[in-house]
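There are 2 protein chains.
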Amino acid sequence: MEGSIKCNANYVPLTPISFLERSAIVYSDKVSIIYGDVTYTWSQTHQRCIKLASSISQLGVSPNDVVAVLAHNIPATYELQFAVPMSGAVLCTLNTHQDSSMVSLLLNHCDAKILFVDHQLFDIAKGALEILSKSTTKLPILVLILDSDENTSVSSNTLIYENLIAEGKLDFEVRRPKDECDTISISYTSGTTSTPKGVIFSHRGAYLNSLATIIINEMKSTSVYLWCVPMYHCNGWCVPWSIAAQGGTNVCLRNVTDKDIFDNIFKHNVTHMGGAPALLNMLINSPIRKPLSGKVVVMSGGAPPPPDIFSSAEELGFHVTHAYGMTETYGPASICTWKPEWASLPPDAQAKMRVRQGVQHVGMDELDIKDPATMKSVPADAKTIGEVMFRGNNVMNGYLKDLKATQDAFEGGWFRTGDMGVKHTDGYIEVTDRATDVVISGGENISTIQLEGVIFSHPAVFEAAVVGRPDEYWGETPCAFVKLKEGYNATEEEIIQLCQKHLPSFMAPQTVVFGDLPKTSTGKTQKYVLRGKAKAMGSLYKKKTLAD
Amino acid sequence: MEGSIKCNANYVPLTPISFLERSAIVYSDKVSIIYGDVTYTWSQTHQRCIKLASSISQLGVSPNDVVAVLAHNIPATYELQFAVPMSGAVLCTLNTHQDSSMVSLLLNHCDAKILFVDHQLFDIAKGALEILSKSTTKLPILVLILDSDENTSVSSNTLIYENLIAEGKLDFEVRRPKDECDTISISYTSGTTSTPKGVIFSHRGAYLNSLATIIINEMKSTSVYLWCVPMYHCNGWCVPWSIAAQGGTNVCLRNVTDKDIFDNIFKHNVTHMGGAPALLNMLINSPIRKPLSGKVVVMSGGAPPPPDIFSSAEELGFHVTHAYGMTETYGPASICTWKPEWASLPPDAQAKMRVRQGVQHVGMDELDIKDPATMKSVPADAKTIGEVMFRGNNVMNGYLKDLKATQDAFEGGWFRTGDMGVKHTDGYIEVTDRATDVVISGGENISTIQLEGVIFSHPAVFEAAVVGRPDEYWGETPCAFVKLKEGYNATEEEIIQLCQKHLPSFMAPQTVVFGDLPKTSTGKTQKYVLRGKAKAMGSLYKKKTLAD
Numbered sequence: 003m004e005g006s007i008k009c010n011a012n013y014v015p016l017t018p019i020s021f022l023e024r025s026a027i028v029y030s031d032k033v034s035i036i037y038g039d040v041t042y043t044w045s046q047t048h049q050r051c052i053k054l055a056s057s058i059s060q061l062g063v064s065p066n067d068v069v070a071v072l073a074h075n076i077p078a079t080y081e082l083q084f085a086v087p088m089s090g091a092v093l094c095t096l097n098t099h100q101d102s103s104m105v106s107l108l109l110n111h112c113d114a115k116i117l118f119v120d121h122q123l124f125d126i127a128k129g130a131l132e133i134l135s136k137s138t139t140k141l142p143i144l145v146l147i148l149d150s151d152e153n154t155s156v157s158s159n160t161l162i163y164e165n166l167i168a169e170g171k172l173d174f175e176v177r178r179p180k181d182e183c184d185t186i187s188i189s190y191t192s193g194t195t196s197t198p199k200g201v202i203f204s205h206r207g208a209y210l211n212s213l214a215t216i217i218i219n220e221m222k223s224t225s226v227y228l229w230c231v232p233m234y235h236c237n238g239w240c241v242p243w244s245i246a247a248q249g250g251t252n253v254c255l256r257n258v259t260d261k262d263i264f265d266n267i268f269k270h271n272v273t274h275m276g277g278a279p280a281l282l283n284m285l286i287n288s289p290i291r292k293p294l295s296g297k298v299v300v301m302s303g304g305a306p307p308p309p310d311i312f313s314s315a316e317e318l319g320f321h322v323t324h325a326y327g328m329t330e331t332y333g334p335a336s337i338c339t340w341k342p343e344w345a346s347l348p349p350d351a352q353a354k355m356r357v358r359q360g361v362q363h364v365g366m367d368e369l370d371i372k373d374p375a376t377m378k379s380v381p382a383d384a385k386t387i388g389e390v391m392f393r394g395n396n397v398m399n400g401y402l403k404d405l406k407a408t409q410d411a412f413e414g415g416w417f418r419t420g421d422m423g424v425k426h427t428d429g430y431i432e433v434t435d436r437a438t439d440v441v442i443s444g445g446e447n448i449s450t451i452q453l454e455g456v457i458f459s460h461p462a463v464f465e466a467a468v469v470g471r472p473d474e475y476w477g478e479t480p481c482a483f484v485k486l487k488e489g490y491n492a493t494e495e496e497i498i499q500l501c502q503k504h505l506p507s508f509m510a511p512q513t514v515v516f517g518d519l520p521k522t523s524t525g526k527t528q529k530y531v532l533r534g535k536a537k538a539m540g541s542l543y544k545k546k547t548l549a550d
Numbered sequence: 003m004e005g006s007i008k009c010n011a012n013y014v015p016l017t018p019i020s021f022l023e024r025s026a027i028v029y030s031d032k033v034s035i036i037y038g039d040v041t042y043t044w045s046q047t048h049q050r051c052i053k054l055a056s057s058i059s060q061l062g063v064s065p066n067d068v069v070a071v072l073a074h075n076i077p078a079t080y081e082l083q084f085a086v087p088m089s090g091a092v093l094c095t096l097n098t099h100q101d102s103s104m105v106s107l108l109l110n111h112c113d114a115k116i117l118f119v120d121h122q123l124f125d126i127a128k129g130a131l132e133i134l135s136k137s138t139t140k141l142p143i144l145v146l147i148l149d150s151d152e153n154t155s156v157s158s159n160t161l162i163y164e165n166l167i168a169e170g171k172l173d174f175e176v177r178r179p180k181d182e183c184d185t186i187s188i189s190y191t192s193g194t195t196s197t198p199k200g201v202i203f204s205h206r207g208a209y210l211n212s213l214a215t216i217i218i219n220e221m222k223s224t225s226v227y228l229w230c231v232p233m234y235h236c237n238g239w240c241v242p243w244s245i246a247a248q249g250g251t252n253v254c255l256r257n258v259t260d261k262d263i264f265d266n267i268f269k270h271n272v273t274h275m276g277g278a279p280a281l282l283n284m285l286i287n288s289p290i291r292k293p294l295s296g297k298v299v300v301m302s303g304g305a306p307p308p309p310d311i312f313s314s315a316e317e318l319g320f321h322v323t324h325a326y327g328m329t330e331t332y333g334p335a336s337i338c339t340w341k342p343e344w345a346s347l348p349p350d351a352q353a354k355m356r357v358r359q360g361v362q363h364v365g366m367d368e369l370d371i372k373d374p375a376t377m378k379s380v381p382a383d384a385k386t387i388g389e390v391m392f393r394g395n396n397v398m399n400g401y402l403k404d405l406k407a408t409q410d411a412f413e414g415g416w417f418r419t420g421d422m423g424v425k426h427t428d429g430y431i432e433v434t435d436r437a438t439d440v441v442i443s444g445g446e447n448i449s450t451i452q453l454e455g456v457i458f459s460h461p462a463v464f465e466a467a468v469v470g471r472p473d474e475y476w477g478e479t480p481c482a483f484v485k486l487k488e489g490y491n492a493t494e495e496e497i498i499q500l501c502q503k504h505l506p507s508f509m510a511p512q513t514v515v516f517g518d519l520p521k522t523s524t525g526k527t528q529k530y531v532l533r534g535k536a537k538a539m540g541s542l543y544k545k546k547t548l549a550d
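Residue numbers (the numbering used here), protein chains in the order written: chain A, 3 to 550; chain B, 3 to 550.
Hints are supplied without guarantee of correctness; some may be wrong.
No copy labels: a pair is met if it fits in one copy or bridges any two.
Here are the simulated lysine to any residue pairs, SDA-like style, with alpha carbons at most 20 Å apart [claimed, not checked]:
#	residue 1	residue 2
1	K485	L281
2	K341	Q46
3	K341	S30
4	K297	I218
If you are wondering where the hints come from, they were derived from the structure by calculation, not from laboratory data.
For reference, chain A alone in the conformation it holds in the complex (with noise of 0.2 Å):
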């Protein structure tokens, strides 16, 4: 429009680092980061992100270099957050649970330049580098994290975390994105599906889904965040960033067992926290419990979370919202927005719409459900089922170095998330089952997360997943994996018996398996390992059998 200028007045690159830069004044006294003895406050924190984002560029990093974390949700993690940003250079956070192996695989994908590493993880970064020296001489610079009252000897030409703060510089120039679409992170997904791809994540996505997670959970300058989901997954759901747009303080937690969340919850009078469901799952469950002194609001995501949790978790004093997503929306998407008027509701309707994945949140464009060949939308009928799809802002970039990949995410413009639901007349999304968990018996869709959830309803239950167990004639029977809780029973036929009382008797599972599931770091059951055993099981029916 006649009269409009666009220069550095008027519009700036969308970054978090602008969050941390911002607090630093408005919040300079207050505490942003407790970790056992350890607090910082909002001035210090910033400074010493600046002082290693010099020390990063230092070691001889360029812009748009990764560097790669490979530790436990401790302050060097949430500081890096911002610093290898502020450097210019691109994070990549690691799974803290895997192995060697695959730690070189991603860092020779990434091209990592440099790996912090936490002192706890030290051989297993030790070793990729190991693996890495066989096939390239350009092994990535190992920085070690010691905690504060540590004292690992370590060889003298091992660099130290706190050495290169204190060796930094407070004037170092922060290095904030040209354009606002510029990667801040690449994460690799946890693999339930396939090998990890490494999401790219933008400066522009980073910010606003920093703010959207600020207002889905109503958080305050007085809220206090418990670090309970990984920091390298989804960088945290993007959680650290909101924290400092809104000058609220970060507990650090190395170890997320049920006495350090509730030790610390009660020390530090936290407010909000995330998790998986299996995480509430340990709390509810747990010998230790004891009924909250203050609300915490508790977003939980990675799973659906079965509706018991809900009043468990509830009457103890967590206020717990459901989330929806996956590392390629930058964690939790669309939320399942508590309505005033579901208060009426008897406690199984209230569960029922609870369960929902809901609604995108308000940095995410729009959510729907679409005929996958065709991209039409199904109708809002609560039955037809299609694919989940979200376009937005809070869409990755990319995977990295996969193209391929990127195309077929995006086919017609939209993140084809390979989650299949339906719509309810309110709008409301629900996931019936991820694309590959479907079980398809007889030619009948059968909604793995729907049989889950009435087995979980058994008192006996702690876990359950279902997965399709081949079979000759019905091509897969539903074949259910439970762990119950200590010191509890139940038998197959009860099991069974019960998903046929509630379900139509085809969904019921024919086969049931007790023990423990195995699970990804970040708490979802590896269906395929599941999937495997069931395999191995041989096929229930033979057609022969059947066609007697």
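Given the coordinates of chain A, work out where chain B should sit on it, guided by the hints.
Then chain B, alone, in the frame of chain A:
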């Protein structure tokens, strides 16, 4: 980065239109607007806006054409904040206190294609069109907004607002901006210091400011906002869009009187409102004032609030936040964010902290005080005066059809506010004077704001404004215009002595004039009018008198 794609799936131009579309799903049955006996839900508001956008488009409006609105804070004004951008057009809300001559000038300047007009302002609009018709044949189409219960007889060829909605099409394809930097609105400045300029807002700036506003004010989906800030004033500080983003409730208010404000606060459990200090002053001095039943967060801007207002307002239950900004920054751009440690200060010291203009909000990138000649930052010493400058996505695109003024405003890559101020050691800024309001007496800069603060502390004073009275010897002398509270008395001598007691004696006013203060429609004192009066008084000291 290799593997990235920028496409519809992951890049959507930012626009507040998305807020309404989302709230229509998430908060479909929740009340969006209350106005007397009229209420709408978010689903209804969404549908009404689509139909209105369809009708606007049917009237022949093309993308980027301007649609003007001359109306009080009624539901139509709220709806037009969405419907006009949804039609692809640019919204221009006009100051309701202007006369036909000014309205015709502005309509002509922005080349408005439609003028929506409140029935109470119909005569002004008709007068404006009459004036316009003398110089052009392309007059804007007039659309009359009637209150729902109204039976005004109108000529049959006059378009009626509700008819446009009734006739609009629900399947209209909303026209989102192609580029997020495209213009969403034009807001004419209120003309405190010069003739109105047309400030251009972008969809991007509006989107980001709306989210920042939610965060600053800690607004929830349960928040209820009372419309005291005129929606013609930088689009109601972008709050119409914030409320839609969070799914809160708007309480519209035609008459901004103490009675209507108190009535609505109690009736609808208002949680948030905004307004100039003059509005707060009216409330705390109202004979019908009474303690609120719940806390009401008030963002106060438009002028620095005299210290006493905070405590008096808080005694009633208002929680006042001091914001600072201007049309060019989409309304509030900095906030005097409360620091918990201030709670332990004595009331006087607390008040001093709170009248400062503070720090940039989370949506504004940088705030600085710079020497306007060298563009160097002034030291944070609370003494050195420089010009207040902003940089960020919440700075306007420019002034409509006035590239020269835009270039001047952005000279050096910062938005130059024209206001002078200091930076305190904690990084908070304090505006000492508007560039044109400094009184320079005998070469000394006198802060009229400081002077006004002292005068205001006199128990009989209701309002005070100081300007320079031209003087042959001193250049200028400070001249105070004072309005006393009803039933109170004070003398010129008392006021002068009070100032001499609290400030260096050269700062004390040499003249005190009692009476009403001239105001702009947004509650700002029109200092240029007072300056005219002071000039008419002539010089207090004669050159030769002092040469004797």
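Inset, instruction - Please write out, lowest number first, the hints stated earlier that are contradicted by the structure. - result: No hint contradicted; all consistent.
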